[in-house]
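Chains as they are written, first to last, in the working numbering: chain A, 12 to 360; chain B, 12 to 360.
Certain hints may be false.
Since copy identity is lost for identical chains, a pair holds within one copy or between any two.
As the list claims (entries may be wrong) - When the alpha-carbon atoms are kept at most 27 Å apart in a straight line, the in silico DSS-like pairs for lysine-lysine are as follows:
{"#": "1", "residue 1": "Lys327", "residue 2": "Lys14"}
{"#": "2", "residue 1": "Lys14", "residue 2": "Lys239"}
{"#": "3", "residue 1": "Lys275", "residue 2": "Lys239"}
{"#": "4", "residue 1": "Lys70", "residue 2": "Lys14"}
{"#": "5", "residue 1": "Lys120", "residue 2": "Lys275"}
{"#": "6", "residue 1": "Lys55", "residue 2": "Lys120"}
{"#": "7", "residue 1": "Lys55", "residue 2": "Lys70"}
{"#": "8", "residue 1": "Lys275", "residue 2": "Lys217"}
{"#": "9", "residue 1": "Lys250", "residue 2": "Lys54"}
{"#": "10", "residue 1": "Lys217", "residue 2": "Lys337"}
{"#": "11", "residue 1": "Lys120", "residue 2": "Lys54"}
{"#": "12", "residue 1": "Lys55", "residue 2": "Lys337"}
{"#": "13", "residue 1": "Lys337", "residue 2": "Lys275"}
{"#": "14", "residue 1": "Lys120", "residue 2": "Lys14"}
{"#": "15", "residue 1": "Lys70", "residue 2": "Lys250"}
{"#": "16", "residue 1": "Lys55", "residue 2": "Lys14"}
{"#": "17", "residue 1": "Lys327", "residue 2": "Lys337"}
Calculated directly from the structure, the hints in this document are not laboratory data.
Remember, it's a predicted structure, so these values are computed and weren't measured experimentally.
2 protein chains.
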Amino acid sequence: MSKINIDQVARYAFVSRSVVSRVLNNHPHVSDVARERVLNVIKKYNYQRNSAARSLAAKNTREIGILSTRNPNDVMSNGFSTLLYLGVFEECLAQRYSVRQMFISTEMKEEFQKFILNEHTLDGVILFAEEVTDLLAEELLFREIPAVLIGHAPGFSSISSVDVDNFAGSYSAVTHLVRLGHRNIGAMVGSQLLQESQDRLAGYRKALVDAGVPVNEAYVSVGGYTQKSGHDKMLSRIKRQPEVTAWFCASDTMAMGALSALHKSGQRVPDDVAVVGFDDLSFARYTIPPLTTIRQPIYQKGRYAARMLIDLINGKQTDIEHRNLKPDLVVRESCGHHSGMRHKGGHAP
Amino acid sequence: MSKINIDQVARYAFVSRSVVSRVLNNHPHVSDVARERVLNVIKKYNYQRNSAARSLAAKNTREIGILSTRNPNDVMSNGFSTLLYLGVFEECLAQRYSVRQMFISTEMKEEFQKFILNEHTLDGVILFAEEVTDLLAEELLFREIPAVLIGHAPGFSSISSVDVDNFAGSYSAVTHLVRLGHRNIGAMVGSQLLQESQDRLAGYRKALVDAGVPVNEAYVSVGGYTQKSGHDKMLSRIKRQPEVTAWFCASDTMAMGALSALHKSGQRVPDDVAVVGFDDLSFARYTIPPLTTIRQPIYQKGRYAARMLIDLINGKQTDIEHRNLKPDLVVRESCGHHSGMRHKGGHAP
DNA sequence: TTGTACGCGTTATCAG
DNA sequence: CTGATAACGCGTACAA
C-alpha cells in the first residue's frame, strides 16, 4: 500500500489538484461528477492526506496539549486524571483533533517552554492543575496560545476555565454532617495556595455558620490530596481532638487515608466518627465503610474544557468563560443514615 | 515576538540556508565562525524550527502514540495508567519525542484506523492493554508502523513487548499464602482471554502444586480487574466456599473490592480470611487492612517501552525483544505475619 | 466550475 | 566548507 499524494489522485480522477483539495475540504463549487470521480479514486487507492503538509500550509496542527503536573504524589493519587483525559480525548476525536499529553514540573520549566511551546506545534493547551497554570499561564498569554484551565486560577482570570463548584460541594457535604447531628466537625483540606482548596474550605465554614455551629479553626487540617496525607493527619488528630465526631475530607483519596487511620486507632466509622469525601472516584463505593462523598462530573469537565478550547482556537468563542459544574451529594455509609442528635466527648478546647 | 524562519536566520548571519540547517542538525562541514554567527542569531531572535515543515521534509514526526482501551471500567480502575504514561512521557522527553494519547474501543476501530493511523502522523505506537493489541496489531504490522506492546500478546510474538513477570508474581504471592499455613486458597483472576491473566493463574496453580497442595478448580473465579468485580465475586464466594481461608487477587483493585465484600459479610481480614493483591498501587497501603501485594515496576514499564519503541524507529534495534520485569512481594497486613498451620471450616465439596 | 502557480519552512543533493 | 536548487504535499488566490 504505497502512499499516494494529492497530485496522483488528481491525475487518476482526471481533474486538477484544486478540485481534489476542494472535495477534501468540503468546499463548494465542485461539480457532482468531479466529486464522484475524486471520491472513487480516494477510496480505491485509500488516499489519506499528509498531516505535516497540511499543517505547514494551513498553519495549524489540529493538535492540542493537555498539561498536568509531574508531581508524583499528585500524579498517583489523582485517580481521576484518566477519566478526565478520556473526556478531553473524546471531544477532540469528535472534532478531529489530537491530544498530546505532557507532564511538567518546576525544574523543567524552561526545557519545556523551548521544546514544547516554541515550535508552533500545538494549536492550544489545556492546563490541568493550578501548579501548571502558575508555571505557564504568563508565557501562554504572552505567546497568545489559546488555553483553557481545568480548575481555578485567581491570578489569571483572563483564561477561561471549567471547574466543579467547590464551594457548593463542600457546603452540601458539611450541611449533611450537621443535619446528622454533628457539631464538632473537622476539615482536612489541600494546600491553601490552591484556589480550589480555599473554596472547599470556605464552603465548610459557611455551612457551619449558616447552621449556627461555631467555627473552630483548630479543627482545620491542611495537607495534600493523597491517601498518605489523609492518613497521617488523621492519626495525629484523633488523639488531640477526640471530641470531633465528623470529618470533611476535601478528596476521596484523603478520606481513604483517614478511614485507614481511624481503623488503626480503633475508631468505628460511622458509629464513632463520620467521614465524608469529595470527588466520588470509582473506589469510593468500596472503602470500608463505603464513602459518602461529593460527586463531581470529571469526564464532563474534560469534555467541556476541550470544547471550549477548540472554540477558542477557531474563534467561535472570544469572550472568556468561567464555567462551574454542579456537584452532587452521594450518600453511602461513612456518615450513617440516621438523623437526630449525637453526643460524644466534650466540647472544643 | 514574531516568528522568524530559517531564511531570515541565514540572512542575518550572512550565510546560506544550508549552513543554518547544518548547524541546526549538528551536521559536520561547518566552519566555526559560521556556526558561531548562526548560533548568535538563533539566540538573539529566539528562532525555533517549524515542526510541520520539518516533518514534511524529514518524513517523520518525532511523535509516538500511546493507545489504551476506552473501556470505562478498565480506564477507571487501572489506577496505574497515569504512572505508566509518566514513564513513557519522560523517556520521550529525554529523546525529544512527543506522545499523543489515545483511547480506542472496538466500535471505533475503523474510525480510528482512518483518522489516526493513516495520516503518516505517528512514528510509532505503544500498545497498552491486549484488547488494543488484538484490535490493531495486524493493521500496524501491515502498515509497517513500529510498535511496542506493554503486556503480552501470544498471537503477535513479532511485536516487541515489556511486561512484568506475571507468573513469577502470582507464584510468589501464592507461595506466601501457603507458607502462612493456608491450604484452601482461592484465586480471583481477570479474563482468560488475556495472556496476562492466564499467566497469573498459571503461577497460582504452579505454586500450589510445588507446595503439594491440591489444586481445586472450583476455587478459581474469573472476573474483571475492577473493585466491583472483586467485590461481587467475593460476596458470592463467601457463602458457597467458606472453607477458603485465603484469596489471591490478580489486582489490587480486585483485592480492594474483595476486602469490602469480606467486611460486609462479617469476615475479619486477616484473622478469618487472608487476601493478597497484585500491582502495589498507591492506595494499597491504605486499604483496611493494608494490602500485602505484588509490586510491579509500572513507571519503568512505560519508560522501557518508550525506549524500545524509539530504538525501533531509529533502526537501532531490529530484533524483537520480550522483556520481563521482576515483581516483588510486599508484605503488609492483609495476610497476617504469623506462620504455622491454620484450620477453619471443612474441606472443599 | 476548473486549473495554474505560488507559498509554507525544512532537509537533502550536488555542484562549486 | 558553502550555497543554489529541488523536493516534501497541500491550500489557495487568481485567472480562465
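Taking the hints in turn, this is what the structure says about them:
1. For a Cα distance limit of 27 Å, the shortest separation of Lys327 from Lys14 across copies, 25 Å, qualifies, whereas the shortest one inside one copy, 35 Å, does not.
2. Taking the shortest alpha-carbon separations for Lys14 and Lys239, neither the intra-copy value of 53 Å nor the inter-copy value of 47 Å comes in at or below 27 Å.
3. Proximity of Lys275 and Lys239 under a CA criterion of 27 Å is satisfied in both settings, with 14 Å inside one chain copy and 25 Å between copies.
4. Taking identical chains as interchangeable, the C-alpha atoms of Lys70 and Lys14 lie at most 27 Å apart whether they share a chain (23 Å) or sit on different chains (12 Å).
5. Taking CA atoms no more than 27 Å apart as the test, Lys120 paired with Lys275 passes in neither setting, with 41 Å inside one copy and 48 Å between copies.
6. Taking the shortest alpha-carbon separations for Lys55 and Lys120, only the inter-copy value of 20 Å comes in at or below 27 Å, while the best intra-copy value is 48 Å.
7. Taking the closest pair of Cα atoms, Lys55 and Lys70 come within 27 Å of each other only across two copies (24 Å); inside a single copy the shortest separation is 29 Å, beyond that limit.
8. Taking CA atoms no more than 27 Å apart as the test, Lys275 paired with Lys217 passes in neither setting, with 32 Å inside one copy and 35 Å between copies.
9. Taking CA atoms no more than 27 Å apart as the test, Lys250 paired with Lys54 passes in neither setting, with 72 Å inside one copy and 59 Å between copies.
10. In this assembly of identical chains, Lys217 and Lys337 lie within 27 Å of each other by CA distance solely inside one copy; the values are 18 Å within and 52 Å between copies.
11. In this assembly of identical chains, Lys120 and Lys54 lie within 27 Å of each other by CA distance solely across copies; the values are 18 Å between and 45 Å within a copy.
12. In this assembly of identical chains, Lys55 and Lys337 lie within 27 Å of each other by CA distance neither inside one copy nor across copies; the values are 50 Å within and 49 Å between.
13. In this assembly of identical chains, Lys337 and Lys275 lie within 27 Å of each other by CA distance neither inside one copy nor across copies; the values are 35 Å within and 32 Å between.
14. For a Cα distance limit of 27 Å, the shortest separation of Lys120 from Lys14 across copies, 21 Å, qualifies, whereas the shortest one inside one copy, 39 Å, does not.
15. In this homomeric assembly, Lys70 and Lys250 never come within 27 Å of each other (Cα to Cα): the closest approach is 62 Å inside a single copy and 65 Å across copies.
16. Taking the closest pair of Cα atoms, Lys55 and Lys14 come within 27 Å of each other only inside a single copy of the chain (12 Å); across copies the shortest separation is 40 Å, beyond that limit.
17. Taking identical chains as interchangeable, the C-alpha atoms of Lys327 and Lys337 lie at most 27 Å apart only when both belong to the same chain, with a minimum of 25 Å there against 52 Å between chains.
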